[in-house]
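Protein chains: 4
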Amino acid sequence: MNKATLYQQLAPEARHEKGLSRLNQLICLLILLASITAILETEPMLRAMAPGLFKVLEAMFVCAFMIEYLLRLYSIGEDPRYRGFRGRLRYMFTFWALVDLIAILPFFLGFMTHNNAFLLRLLRLARMLRLARLGRFSQAWVSLADALKSRSHELLLSAGVAGLLLLFSSCCLYVVEAAAQPEAFGSVPRALWWSIATLTTVGYGDVTPITALGKVFAGLTAVAGIGIIAMPTGILAAAFSDALQKKSSDAEK
Amino acid sequence: MNKATLYQQLAPEARHEKGLSRLNQLICLLILLASITAILETEPMLRAMAPGLFKVLEAMFVCAFMIEYLLRLYSIGEDPRYRGFRGRLRYMFTFWALVDLIAILPFFLGFMTHNNAFLLRLLRLARMLRLARLGRFSQAWVSLADALKSRSHELLLSAGVAGLLLLFSSCCLYVVEAAAQPEAFGSVPRALWWSIATLTTVGYGDVTPITALGKVFAGLTAVAGIGIIAMPTGILAAAFSDALQKKSSDAEK
Amino acid sequence: MNKATLYQQLAPEARHEKGLSRLNQLICLLILLASITAILETEPMLRAMAPGLFKVLEAMFVCAFMIEYLLRLYSIGEDPRYRGFRGRLRYMFTFWALVDLIAILPFFLGFMTHNNAFLLRLLRLARMLRLARLGRFSQAWVSLADALKSRSHELLLSAGVAGLLLLFSSCCLYVVEAAAQPEAFGSVPRALWWSIATLTTVGYGDVTPITALGKVFAGLTAVAGIGIIAMPTGILAAAFSDALQKKSSDAEK
Amino acid sequence: MNKATLYQQLAPEARHEKGLSRLNQLICLLILLASITAILETEPMLRAMAPGLFKVLEAMFVCAFMIEYLLRLYSIGEDPRYRGFRGRLRYMFTFWALVDLIAILPFFLGFMTHNNAFLLRLLRLARMLRLARLGRFSQAWVSLADALKSRSHELLLSAGVAGLLLLFSSCCLYVVEAAAQPEAFGSVPRALWWSIATLTTVGYGDVTPITALGKVFAGLTAVAGIGIIAMPTGILAAAFSDALQKKSSDAEK
Chain V
17 MNKATLYQQL APEARHEKGL SRLNQLICLL ILLASITAIL ETEPMLRAMA PGLFKVLEAM
77 FVCAFMIEYL LRLYSIGEDP RYRGFRGRLR YMFTFWALVD LIAILPFFLG FMTHNNAFLL
137 RLLRLARMLR LARLGRFSQA WVSLADALKS RSHELLLSAG VAGLLLLFSS CCLYVVEAAA
197 QPEAFGSVPR ALWWSIATLT TVGYGDVTPI TALGKVFAGL TAVAGIGIIA MPTGILAAAF
257 SDALQKKSSD AEK
Chain C
17 MNKATLYQQL APEARHEKGL SRLNQLICLL ILLASITAIL ETEPMLRAMA PGLFKVLEAM
77 FVCAFMIEYL LRLYSIGEDP RYRGFRGRLR YMFTFWALVD LIAILPFFLG FMTHNNAFLL
137 RLLRLARMLR LARLGRFSQA WVSLADALKS RSHELLLSAG VAGLLLLFSS CCLYVVEAAA
197 QPEAFGSVPR ALWWSIATLT TVGYGDVTPI TALGKVFAGL TAVAGIGIIA MPTGILAAAF
257 SDALQKKSSD AEK
Chain L
17 MNKATLYQQL APEARHEKGL SRLNQLICLL ILLASITAIL ETEPMLRAMA PGLFKVLEAM
77 FVCAFMIEYL LRLYSIGEDP RYRGFRGRLR YMFTFWALVD LIAILPFFLG FMTHNNAFLL
137 RLLRLARMLR LARLGRFSQA WVSLADALKS RSHELLLSAG VAGLLLLFSS CCLYVVEAAA
197 QPEAFGSVPR ALWWSIATLT TVGYGDVTPI TALGKVFAGL TAVAGIGIIA MPTGILAAAF
257 SDALQKKSSD AEK
Chain P
17 MNKATLYQQL APEARHEKGL SRLNQLICLL ILLASITAIL ETEPMLRAMA PGLFKVLEAM
77 FVCAFMIEYL LRLYSIGEDP RYRGFRGRLR YMFTFWALVD LIAILPFFLG FMTHNNAFLL
137 RLLRLARMLR LARLGRFSQA WVSLADALKS RSHELLLSAG VAGLLLLFSS CCLYVVEAAA
197 QPEAFGSVPR ALWWSIATLT TVGYGDVTPI TALGKVFAGL TAVAGIGIIA MPTGILAAAF
257 SDALQKKSSD AEK
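Line by line, the protein sequences are chains V, C, L and P. Note that my numbering has the first sequence beginning at 17, numbered continuously upward. Note that my numbering has the second sequence beginning at 17, numbered continuously upward. Note that my numbering has the third sequence beginning at 17, numbered continuously upward. Note that my numbering has the fourth sequence beginning at 17, numbered continuously upward.
Calculated from the structure, these hints are not laboratory results. Heads up, a few of these hints could be off.
One copy or two, either will do: identical chains are not told apart, so a pair holds if it fits within one copy or between any two.
Claimed, not checked - Derived lysine to aspartate or glutamate pairs resembling EDC-like cross-links, with alpha carbons at most 20 Å apart:
| # | residue 1 | residue 2 |
| --- | --- | --- |
| 1 | K231 | E199 |
| 2 | K19 | D95 |
| 3 | K71 | E57 |
| 4 | K231 | E59 |
Values in this document were obtained by computation on a predicted structure and should not be read as measured data.
Only chain V is shown next, with the shape it has when bound in the complex (with noise of 0.2 Å):
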């Protein structure tokens, strides 16, 4: 295979055909593999009933990213922008040839944290990362995100009146509640916790108040949470039917 035919397979940018190519297809399903196995080998469980198996199937993920990259790097001298070996050191440092690299690092830092549990839960967590790597692949959250950039001015101004609700319950709940529980509302910081959970209606129940007043005042920061989930509901839904409207009245013309 030269270097042109690669260049081709590798950059979704250079192929003429819709959809991927074939070496692009198989590279997603190594990065779906590869993060599926550093998922599973967090569950302890399954590392005991597996001792060498996900540091091997670990590493054979990592040689063939490594492959990829280095292929990468040879064949993007077919673009005229990166040609030479100074190109190719800017092309190492764009943003896609960057997030290559990271899906890489974490193996070699392996080694070097092997005794510290949360530097190494850390690392497990980086190898996550390459799920990064298919955006690369992918144009179809652009979208997504332009329509939520329309409106991000409403959203914003959503964000900051839930923002408001969250301090004055909280605050209200740390003036009735704090006597009674100290710990859980003794403080605006603590009363957060309670407060988030409360107008999101998660409602974990792990910390409720207790006092006559501090029920009331929780029943209308529940209410108010109704309020806090219908508006950007209610925003995101005029956006997306406006932007409907739109696609089919072009659509006529």
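With the hints as your guide, set chains C, L and P onto chain V.
This is chains C, L and P only, laid out in the frame that chain V set:
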């Protein structure tokens, strides 16, 4: 009653008038009664009160459905496609004929799984599948499915966003909470259980973060949950609104 | 005050001006006060603080409502339909006259159920039915009911889908969780309690699956719950949007 | 800096250019910092770490706000309405001047309530009211309030329906559950706490029905809760959609 009349009574598509025939109305009623009986039979307290009743009822329902099945097989000869022995054999492998068969089979399988509690429960669940037979008599769900299908692209995209958020929030809580609560947050699949309960705003409260950092990430997850609910709602509202306007503009023409 | 003036004061339909007459405003206020009193009376702590007060208040409200009832009966003679003794008898069996009677009866029945706690609570609830009398004075709920009725077909369909999902998810959890938690998931009706709490995203958390398979099905149920909320919301949003546009296009003509 | 320049720097309405002046930007920043300090001060752990810091910071913020207040009072003379001593006195009783005063007062009241924990918490809450001062600098919330006001009739109606459902469901559970759980359902006001948590789909789970009949009514309440959320969301979606279309049709003209 001759074969032609029977066929018109049994096959909804052969009927010229609107609505269901008397015989099919009776069959629908039997299906509903059989389902309710199957639901109530699962309750040990009711089984203890009337040990033999449920067995007798089940036998009666299966008898009725068997007679119906044989009558359908006999009368389907009126349809030129399923004439003769080989036509009937072909009919037996159509979708709805198989569904009808499934409604009868669990009864006979019941004698074989006498002693296995899990298989017995599974068979009871299979009886509930009889409700699917009602689908033969109604086409109402088709319009709803169409409305969903017309916006399947956006709905899939928002499902993808929801999936990534689910994965991301469970990864975050795995990193910060695994040390404090290894049982509930000791791996990403375990943290997913908490993540789903929070992002869908169900909020059981059987598992909640206890570290300060865990609460901060949990709060952000709960707020993101509003968006997870608002997006499909907005998309569906726009779809229904669009379907409504098309219908009224069609009526004007 | 003569009979004709009294009739115009009492019957909203006989009044030419807009709004409620002074007498009816007073009656509405009395109904609200009587309801609040009935609510507060149920609290044992308040009953202990003022043992006689609530009995006196209740007697006063019943007196007032009896006088109102008799005045309505007397003045209704102005309406040609209810003239004379037989006309009044016919009026006594109209819907709103029966509602008025129901507002008085619990007081007299109270003497008979002195010792039965359950019946006493039921009678207290009956007093709350007085609020239904306010329906006579307002027609605002008619427009909301119309909006709901115009989309009743879709709403019923989505209720049917919700019902099937409810049944299906409780069947699934009955099959996989009955062995581990016979008390909470030992039958489909028992599993329904968990199922409703999850699909409506209430999520009490008093009953949660503990097996791995149960958690997988519960997670899918929770995600389906978003659709259960999104569908009626979308249908209603479309209905309200449609009603709004009709009104504004009518105004343009 | 002379009086005229100061006036233009302080009064947003006197400024010809768009956006806030440098001085007002600084004041906004000070308000935000003062609020965050007030929130963090409520946490005993942070107070213990830096006992004097919060008092010094609070004194500094109050100093700054006092200087700002005096400068506003001095420069307002540029406005012909508030010229002279009597004009300034009149200005002191305008809405925003009173809000500014409230931002300073809690500091001086703090010396009097030294020993009462509840009053001290109330004063800390009062400091949070400083955030209201930001309202002077932004008119963004006006458009959102207008959108809500345009559909206030429908929103009030759905709030009324929600209120009646709330009352009705708590009455039902009072009747059927009071005997089994007198502490949680012993009166209608007590049952209201459960009712609000269920109808808003918060679902803390601290109080749940345990009788079979109570669970049936609770299930119906939870299902009704979907409608309670769907109605205001639908109304708001229609309102935002309408506001959007009006704006775009105005732009076309």
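Hints, verified against the model:
For a Cα distance limit of 20 Å, the shortest separation of K231 from E199 qualifies both inside one copy, at 17 Å, and across copies, at 15 Å. For the identical chains of this complex, K19 and D95 are intra-copy neighbours only, at 11 Å inside a copy versus 63 Å across copies, given an alpha-carbon limit of 20 Å. Taking the shortest Cα distances, K71 and E57 sit within 20 Å of each other inside one copy (9 Å), while across copies they are farther apart (48 Å). When the C-alpha separation of K231 and E59 is checked against a cutoff of 20 Å, the pair qualifies only between copies, where the shortest distance is 16 Å, while the shortest distance within a copy is 40 Å.
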